[in-house]
Each structure stands twice: as structure tokens, then as C-alpha cells.
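Novice: Below are the chains, spelled out letter by letter.
Protein chains: 4
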Amino acid sequence: MPLTDAQRTEIEEHGQTTATTKRPTVPALEEILFRAHPVLDHGFVRVIDYMGDDAAIVQAARVSYGRGTRKVSEDTGLIRYLMRHRHSTPFEMCEIKFHIKLPIFIARQWIRHRTANVNEYSARYSILDREFYLPSPEHMAAQSASNRQGRGDVLDAETATKVMHLLRDDAIRCYDTYENLLDTDNGPGLARELARMNLTLNTYTQWYWKVDLHNLMHFLSLRIDPHAQYEIRAYAEVMLSMLEAWVPIAAAAFKEYRVGAVTFSATMVVLLRKMLAGETVTQENSGLSRREWDEFQKVLHG
Amino acid sequence: MPLTDAQRTEIEEHGQTTATTKRPTVPALEEILFRAHPVLDHGFVRVIDYMGDDAAIVQAARVSYGRGTRKVSEDTGLIRYLMRHRHSTPFEMCEIKFHIKLPIFIARQWIRHRTANVNEYSARYSILDREFYLPSPEHMAAQSASNRQGRGDVLDAETATKVMHLLRDDAIRCYDTYENLLDTDNGPGLARELARMNLTLNTYTQWYWKVDLHNLMHFLSLRIDPHAQYEIRAYAEVMLSMLEAWVPIAAAAFKEYRVGAVTFSATMVVLLRKMLAGETVTQENSGLSRREWDEFQKVLHG
Amino acid sequence: MPLTDAQRTEIEEHGQTTATTKRPTVPALEEILFRAHPVLDHGFVRVIDYMGDDAAIVQAARVSYGRGTRKVSEDTGLIRYLMRHRHSTPFEMCEIKFHIKLPIFIARQWIRHRTANVNEYSARYSILDREFYLPSPEHMAAQSASNRQGRGDVLDAETATKVMHLLRDDAIRCYDTYENLLDTDNGPGLARELARMNLTLNTYTQWYWKVDLHNLMHFLSLRIDPHAQYEIRAYAEVMLSMLEAWVPIAAAAFKEYRVGAVTFSATMVVLLRKMLAGETVTQENSGLSRREWDEFQKVLHG
Amino acid sequence: MPLTDAQRTEIEEHGQTTATTKRPTVPALEEILFRAHPVLDHGFVRVIDYMGDDAAIVQAARVSYGRGTRKVSEDTGLIRYLMRHRHSTPFEMCEIKFHIKLPIFIARQWIRHRTANVNEYSARYSILDREFYLPSPEHMAAQSASNRQGRGDVLDAETATKVMHLLRDDAIRCYDTYENLLDTDNGPGLARELARMNLTLNTYTQWYWKVDLHNLMHFLSLRIDPHAQYEIRAYAEVMLSMLEAWVPIAAAAFKEYRVGAVTFSATMVVLLRKMLAGETVTQENSGLSRREWDEFQKVLHG
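Residue numbers (UniProt numbering), protein chains in the order written: chain A, 1 to 302; chain B, 1 to 302; chain C, 1 to 302; chain D, 1 to 302.
Fair warning: there could be bad hints in the mix.
Note: identical chains are not told apart, hence a pair may lie in one copy or across any two.
Derived BS3-like pairs: lysine-lysine, alpha-carbon spacing no greater than 25 Å straight-line [as the list claims (entries may be wrong)]: (1) Lys255 x Lys298; (2) Lys22 x Lys255; (3) Lys255 x Lys274; (4) Lys298 x Lys162; (5) Lys274 x Lys162; (6) Lys71 x Lys298.
None of these hints come from the bench; they were simulated from the model.
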């Protein structure tokens, strides 16, 4: 239930105002503008505004007087070239603004990306809603034995339910106390900036998050990775689909040269050459650690 | 002569494409979109794209689902409050992109503002035009005697003309050599990345410069200042008028609380209180240096 | 109880290794290096490393080959001049690194300053300690009636105790659940990256925070302000005293031209001139809002 | 001739002051501290100050109370892991400050890296020296035919000499005019901020440049690349050797996972798997453009 009826109405009304503009406009993105795309149990992502399109990347790379674009094939070639050679500045010329609702512990992970503009809903100034993230059973997993910062096996159904109840009960209880603390009639009327400390970290917050295309892709490349925590990956995946609606050529290049690309270390490059020359390479004679060797094998054999 | 006919045509054609958008749109800025506003002898500033308007500041400050704005008076009050108390993040939610043509020595001063996105015309890749800045007589000034980094008296007409000729002759000669160095038929066909080193610092370059509203105002507040070099101030003044077309409420607050505002040091505040209480304050008993005292007097007596 | 015995020993051992260096060294800061200065009930700040001193500011401003400093009076004058005229780059040439322990809800406020480097203790990777912030009675205050984001009257002793118990009970209960969730023997052995969501926002976290002198002063000027939340101000005050040990001349200039300085709006400057000329100025004829007028009066009359 | 005798003396005197510090200290870097390492004909790089060492990376990654390091093999493993997985924040915890003298056209390329602190010698405030970069014959190259932003064949000796004379004559003439313009006795005494526009882009400037280890490595990875312009690569190479003196473990990881590493696109990874499975892959059936295919072949066959 990411939205109340009142919010839905507000969004719909907002979407009914249109205007004429000379700016680059992307119909596929206009179509989903303002719409809340649900993520997790109460979260969402929605695009609030954007600046630029695929052509704006080309235009900036050429520092053009006019539209700056030529044939589609040439423009595509240029965008792919820029992506491949990490010429990042033309991608910085596009900008997008999101409204995102997300659990606080994920917001804390997210905010570490410093190259974005943020306005967060202030619990110093306002009162947070009674909404907390509770993982669905298929995302309730045990600590990974091999990876100190990852998940292992999914919990069995019964245990998952128990965990869910524990999380829910504590979150509710803490929120009840929060409300009580704020109460000026029957409670102490505690300052909001203090009362908020009683909330649990799965409480939802929300923010406006504005970022340029280069930094958005950097964020996505890190957070769409299988090693990223599932809860932030869920947001990244939705945002990748928004990226594809917005700048389809850049998005395709991004998937080719970043998301799906693989970096081989100096040692691995030497090993590759040996393998292609028919030499037998084993972990023992490779010079790679066990961990690196496993990563290497995984890439080579899909 | 900031534009060739071909450039003018390109710009005009670009401005004829319009589209329908749900995004915030500012008619006053649409009207001047793409248009080159001349600065100095060959330079210009033109707005290429923008994101957001006054209402977007309010919307971000409120982290709204819909438009987020209320009564005009309330919105104005909020924007002024945010400006006064240096709550900068809502202003970061608006973005603007300029195309600017400027002399290299000014570009070097400008680029020190790091919180913007830049794509500069590459003299490694392309050939620069034969255009250099030559100050008009009223801006030809002697070194200031009192301020090591400022100008003093304007040169007399005859001297100014002589200086202009010296600057022009060297620039032309250097540009001629540049062209000769690049010449693959009758010259050595030197690499562009090398040949460019022969140009003088008043040669014009151009770039796309994209910045958020908060950082634009910070740039303007520093560069519109009477202590800023005239040549960069000329750009800042044009951009301030563009700011006024774009976000009139924020621009008015900016002029009230930044451009026209004055900061008094801790000591000055104490002195002010004494003066208002009728005490006589002199430089000798003020605790201010001669220089600070002069600055103080200048503010107090306009 | 900000430190365990083991931590205290580790810190002491660390402080016993000394080396000879040609780098600028500040004896007053060396003396407190590594030492944990307590803040709030379980928090602390300690300086871990630093680069530069007052002379390094002067040296950078002069782009010197050698030490770059001259007479103390000249150097002091230059630093004050740079501070007064907001020439920020020479101050960026000094850097300091802190180790800070602080409640999560304060860490969330703090992290909004993006121009610093941060390494936070990861609750994805490790287990957080059973420590949460509980305000002391004199900091337990009701919501302010006049300021939506501030505190009003301090709670009476009895109510403060009740509030403290509510906060403590919820924090303990949530932490107990957290431990239980992580338990691989008698609990579900939930992944750390999930279990952490059950903690309350007053749980302590810690990080390494590295920042240059310019950005540190910007942070301090905002967070030492009476409008800042008490809990972050407590850290800012300790850090200001560290600033004074590190760069005494810059710190004095900072207090004179920033902390103790006051900015008057364009309208206020005009009013001030009228008042000094003997005219009677009232809120009604001032053009200031009631709120601005009150702020103005407060500055003028101390 | 990068240094005058006076400068040499200043540097030497500076290097004679030593102090005792508890901070991490790197003897190999102390040894070269302040020393000017020549680059190009009149340029240099010298390390002025530094913060942190290899152990400081480990310490930050562990958010330690004490030294934070364990066995050398464990620390090395951690640093390599952080580098491989692009965990950049621990590398941001080290900082280094350089004094660099370089031609203006290279400074313009360099400054595009925005994540550093810079104090440049001001030609608004001071007078630049009569020193300009003149490429040595082996670096005088024709424009590349295949790469729009690169060099092709080296010029023959006679042509190189001619080019050198052209560059030198224009630079000298422009500098003579500059001096004449500044002359208050026999010239117009033009303001320095104006006179500087007459200098050529190969004139030397200098700055203090301070950067964290993560951003230094990013800079080096881009500028040490064979596609980077020779003149900036010359600086990058000297700075890489300084990196090796400072943080040998991080530097080795940097060479293994960045400088010597190769990124394969999604398509290339699929092709590689086919090749290792014995399939014949040609440009025609590869799905790669001619250019990408050539790059791919070059990596695979060294």
C-alpha cells in the first residue's frame, strides 16, 4: 500500500497539467511521469522531472549550436564510444529527479552516494507514517557462511513467519511509543526531533533524489550488482527500467559496457592469452588466490 | 559578432520544435531559450535547457506528492525563509544548462567553481576559431595601486588604442602560426593537441555549463561582486537576468539576502550596538584594522 | 562509558609509536591525538590524523617553494583577509580525520554534509553494540510551539524520567530481538543486513570522518548554531575546541567572521543607515516581516 | 631549469625542520618530501605533505580504535579485495598534497578533475615567469590520421626545429609585450588581470594540488593511459612513482586491478567463452564493430 487515496488524487491532478516546451522531451518518460512504481511492501519510486535525452548527450559532446545530432547510427556510435572510453562528462548533461519512499536502513546505504541532491522528509519537522518494511518470506535469509556481508539460504516458512512477527511487533510497539511521546494531550508532547529516535530502522522515510545521468549509472552499476543487498537492488531494478524509457541508446550502451561487462586483472589477462594459446592453466600455476580463481572461472564458464 | 549565419540558422531551427510536457515549464524562460545573449566582443550566453521552477523549490522542501504549492504568499514566504536560513538543498532541485562562449583566461577563472558539469569544445579534437577578446577602451585600466588584484584608472584614449593594437597584433600573429602549424599541405601538419599551445589566452573557447540553482547563485554572488574581474562580471550580470526570468521569487530572495546583504563581523556587531546607543566609535577605539574600518564605514554610509 | 578497557588499551598503544617527520606538526594537537573526548552518554570524538597547520594556509595562498610564512602579524593578517573575503581554497589545503561515535539519528543528519570522506562501521558486516542514546533530563524538552523544528520547555523531572524509561525499554527490547535474530544456535541466524532493521534510531554507530578545514568550518558554522539540534551541537562544540588546538589563527578568524558574525539583508542595511541617521524605524514602516524584525532587533540589542 | 637558486635554497631550508609526530609516517616518502622532480622542460612535481599510509586504509576499512592492522598478508589481502571490488571509501582516507609546475594548456586539461583542492599561482595578483613549454624533437608529432585526438608520426628533425622556432618566437614576443604592458615606467602599466591575456598557452603556471588516494588513482588511471596526451602522461608517470613510495601495497593493487586490467563488454565476454570452447570467432560473426574488434584482438594477443 504505497499510496493513500489523497496522495493518488494529488498525483493525478498534478499529471493533468501540461504545457508546451521547446526543451528536449521524451514521450516514453512523460507517460510514466509522476506515477508511483511500487517497490518492497510500502515503498515506491516515481520520476518527478527530467532534463535532456539521448540527443542531449550527443549535443554536449559536440558543444553544438543546434540540435547537434546527425544520423541515428552516428549518434548511437558516438554514445557507445563515450561509454566505452569512460568519457563521462556528456552523460552529466542529463538530469533526473525521483521521489522515493524507502526504509531508513536502506536510505542510510543509499545516501553514501554523495553526488546527488537530496531533500528528505524531515522527522524533526513532521511526523513519520506508521509504515515499516517487513521482508516477504522469500527474502528472509540466514547469514551467509562464506560472505560476511551477504545472505545465505532462505529461512523455512515457519521460521520466516516467526521472524516477521518479531520484526512487526517491535516496530509497532516502538511506533506506538513514538505517537505517545508526541502526544500533547495525553503524553509528554516530546519534541519531534527527540521522539523520532525511538523508531526502528525499518520505518519508511521518503525523499526527492536528483542526479545526473552519469552518476545515476554509477549508482545503478553498484546497486544492481548481485552482491548488493536485495532491498536496494529492488529499487535499482525499477530505476533501470526508467532509464531505458528515458535514454534508450545510453541505457543499451550502459548494459553492454558496464552492467554486463567484466574486468580482468593484469594477471588474468596474461592467463587468458595462455589459455587461448592452448596452455593449461590451473589455480596452482595461475598466481591467483582461490577466491579470484573462482571468480575468474565463473566468468569464463558463464 | 558572436554568431555566424550558419549558427544563427541552426539555433532558429532548433527553437522551432516544440512538444507537450507535464514537467514544470516557465514561459518567460522558454521565450529566451536557445537565444544567444552577447557578452564582451565575441562571447555569448544562452540557456539550452532547464529543470524546475519556483514551485519546484517549494515542492522539494515539502517532499510533496503533488504540486506541493499553496498560496503564492505562503510559497514566497517559504522560499525567502529557506534563502535566509541557508537551507540550500531545495534550491539544488532546480537545474539549468548554458552554452557559453568566453575568452580562455576567463574560462580558467570560471572553472574553479567545481560544482557544475562542463563540456568544453576540445582543441585537441577540433580547431578553434580566429576570435580573441580585445577590451573596449572603457575597460582598459591601469593596475590598481591599492588593490593588488584589481584595476585602477581607465587608460587615456591614445594609450588604450596602443594597448589594443599590441594585444591584437600578438593574437593575430599567434593564430596565423597556429593555422600554419596545423596545415597539412604547406605546413608541418602538427597535432592539434600541440598546436593549440601557441594561442594566446584571450582566444575564445566555448562550453556547455550545467549547474543547480543553489550553486548558480553561489557562483553569481561571487562573480557579480564589484571585486570580481569585469570580464567575468559581464557574464554574471547576463545570467542574473536569466535567473530572474526563470525563478523570479528565488531571484528576488537572492538579491535581498545575498547580493544586497552585508555580513558584519563579531566586532562590528558590538560596535553597531554602541553606535545605536549613542556612543562615539572611531577607528582607534574600534579594534578594527584600517581596511576593515573603511569597509565598515562604506556599508554604514552607503 | 564511551570506551571499553580493550579499546582504551588499543588507543594507548597506538599513541606510543612516534616518528620523525618533515611535515608541519602541531604539538597542541599531537597532545590530544587519538584521545577519545566524550560526547553525550556513550559517544565520543577523537582526532586520528591531520595534515597542515596555520602556516600551510599561508603557504598555499602564496603557492610557496618553502615554508611561505613571513612575520606572524603578516600571516595572521592574510588568514583573516582570506576568511573575511571568503577565499576558501587555501583553507581546503588542511585536512583532519576524526573517529566519531554517535547515535544513528544524528549520523543521518550529519551525513547530509557531502563534502567529507566517511567510513562507517558496517552493520551488514558486523554486529552493533548494545548502546543507545538516552537524553539526560535537562535535554528532555517538549516540542516548541513557535518553531516547528525545535524544542521548547524542558520536561518536569517526573515526566522526563517516564520518557527515559519508555525510550530505554523499547531500545533494550529491540536490541534483545536483534541478538535473538542473529543467534545461530537458538535463533534463526538471520542475515546481519536484515537483522539490523530492528534496531532503534538511538543505537550508536561510529565512523571515520575526514574533511578539509574549509568544509569543517562550514559544518561547524551550521551545527554550532543555536538552531541546530542539541545532540549534534554537542559534537560541534567539542570539534571547535579541537579546531582551536590545531589552527589557532584560523579558528580565531572563524569565530570573528563566521560564528560571531551577522548577515543583514539588503532591507536591513537600509534600515540601519536610517537608524544611524537618527530616523525612527518601526516594524510597520520597516518592510520586514514580524519574524525578520524580531531577528533584527535581537541582533541590534544583543 | 625548473628551479632558481633562491627556490632551491628555500626548499632545502624547509626540509631541514623536523618534528616528532604520532601520526602514520612513511620514511620512503619523507625522503623525497619537498624535492622537485623535473617534468618536461621547465616543469616539476613535488610532494609537499601527506596523510596516512597503507595501514590507514586498513584502519579505516575496519573503523579501528587502534592501529587496526594485523598480519601483513591479511592487510595486503584486504587492500587488494577493496581495490578489486571498488570499495573506494577506505582509499579516500589518505591524502596527498603536491606542488606542480606545468604549462597552462595542460593545467586546463588537468583541472577537469574536480575532486581535488587547488590553489593556483594568480596572474591577477602576481607576474608570471618568462618560461614556456617547447616540446623536445621526439615529442613533435603530426596529427594522427586515424585518431582525431591523437598524434601520429614524429616530425623529421628539420621540421621539428622549425616548429620549435615558431613556438618559441611567438611565446617570447607575447611575453615581451606582456612585460611591456605591465611596465609602469615606460609602458601603460596595464592591470595584471588584463595583461595576462596576451600570454600563450604554453606559458608555465603552478599550483598546489591536494587529493585523496582514491581520486589520485582515478586521475592516474586516466592520465597514464596511452591515449592521454603525452605532456600530462609525463606528470602522471612521475606521480605514480611517488604513489609507490607512499603506499606500496595499494600501488601494487592499483597496477594489478586498474592500470593493467582490461574490461570486456558483455558481447566480448560471450565471444571469449566461445573461443575458449574452441569455436571460431571472426569480426563478421562477432557483433563487434571493426574498431571494437581491433581493440579486442589487441588485448587477446598482447
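Novice: If a hint holds in the structure, say so; if it doesn't, say that too.
Specialist: Hint check:
Both within a single protomer and between protomers do Lys255 and Lys298 lie at most 25 Å apart by alpha-carbon distance, with minima of 19 Å and 23 Å respectively. Taking the closest pair of Cα atoms, Lys22 and Lys255 never come within 25 Å of each other, the shortest separation being 30 Å inside a single copy and 29 Å across copies. Taking CA atoms no more than 25 Å apart as the test, Lys255 paired with Lys274 passes between copies only; the shortest distance there is 20 Å, against 29 Å inside one copy. Taking the shortest Cα distances, Lys298 and Lys162 never come within 25 Å of each other, neither inside one copy (36 Å) nor across copies (57 Å).
Taking CA atoms no more than 25 Å apart as the test, Lys274 paired with Lys162 passes in neither setting, with 53 Å inside one copy and 48 Å between copies. In the homo-oligomer, the alpha carbons of Lys71 and Lys298 never lie at most 25 Å apart, since the shortest distance is 39 Å inside one protomer and 30 Å across protomers.
Comparing the model with each numbered hint stated earlier shows that hints 2, 4, 5 and 6 do not hold.
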